[in-house]
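Start from chain A and add chain D according to the hints.
Top line first, the protein sequences correspond to chains A and D. The first sequence: position 67 = 67 (this note's numbering), numbered continuously. So the number in this note's numbering is just where the residue sits in the second sequence, counting from 1, plus 1000.
It should be emphasised that the hints constitute simulated quantities derived from the structure, not laboratory data. Note that this is a predicted model, so its numbers are computed, not measured. Quick reminder that beta carbons are idealized off the backbone N, C-alpha and C, glycines included. Treat the hints with care, as some may be off.
[Claimed, not checked] Each pair of labels, with its calculated beta carbon distance range: (1) D:Ser-1039 <-> A:Gly-72: 45 to 53 Å; (2) D:Gly-1059 <-> A:Asp-63: 43 to 51 Å; (3) D:Gly-1059 <-> A:Gly-72: 33 to 41 Å; (4) A:Ser-66 <-> D:Ser-1039: 28 to 36 Å; (5) A:Ser-27 <-> D:Leu-1061: 37 to 45 Å; (6) D:Ser-1028 <-> A:Ser-38: 22 to 30 Å; (7) D:Leu-1061 <-> A:Val-12: 36 to 44 Å; (8) A:Ser-53 <-> D:Ser-1108: 40 to 48 Å; (9) A:Ser-62 <-> D:Leu-1075: 24 to 32 Å.
[As the list claims (entries may be wrong)] Under the rule of at most 25 Å between Cα atoms (straight-line distance), these lysine to any residue pairs were calculated in the SDA-like manner: (10) A:Lys-57 <-> D:Asn-1031; (11) D:Lys-1056 <-> A:Tyr-106; (12) A:Lys-57 <-> D:His-1045; (13) D:Lys-1070 <-> A:Thr-104; (14) A:Lys-57 <-> D:Lys-1056; (15) D:Lys-1070 <-> A:Gly-42.
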Amino acid sequence: GAGVSQSPSNKVTEKGKDVELRCDPISGHTALYWYRQSLGQGLEFLIYFQGNSAPDKSGLPSDRFSAERTGGSVSTLTIQRTQQEDSAVYLCASGLAGGSTGDTQYFGPGTRLTVL
Amino acid sequence: SQQGEEDPQALSIQEGENATMNCSYKTSINNLQWYRQNSGRGLVHLILIRSNEREKHSGRLRVTLDTSKKSSSLLITASRAADTASYFCATDGYQGGKLIFGQGTELSVKP
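Bound conformation, chain A alone:
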């Protein structure tokens, strides 16, 4: 079956513009995660959706970042008024269970965001 897909694969934007990044998880996976990877910070957790529960937003770096997951499937990560420090690879992952039992997470190829 298809893996996690993300679009676009690359995005170049100007400082101050808004961007939307999309993630299509593996069908049937109830857990969805966003991470970002940058040279200075390594791999950082951003936000986690599990079924119909309220998302865990504890990793979002500022209120310019938001994410939603529609219909329990596709997720969109939105960054408003982008800054140069937002430049990174944004990775999405999905899993079957999540929660306290732990879960293998399957990652998409990522979106490389460059803010000029």
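Structure of chain D alone, referenced to chain A:
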């Protein structure tokens, strides 16, 4: 902040040799996972070891976990040039599933 520390940061070996990477973490965990990443893009899941397990094997991979020392190791036996990649450990505490990653080990296997 990062949970894990990985050691070494970079490792260069010849094909056929074994590669060992170590990971240490700070808080109690539910499980620990190892991932591989090629060319700075998507991560590929390698193996998951739960906190009540001490050792796990998958093909040429062997993972150990010592919860008393808060450390894990990944051994790749009979390495191949195709194993060249960055390897990350990630811990899943009682935090709702989010992974906390180490800084990674860059493995280079020379043919």
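Exercise for the section: Report the numbers of all earlier hints that the structure fails to satisfy, in ascending order. Expected result: Structure breaks hints 1, 5, 9, 14.
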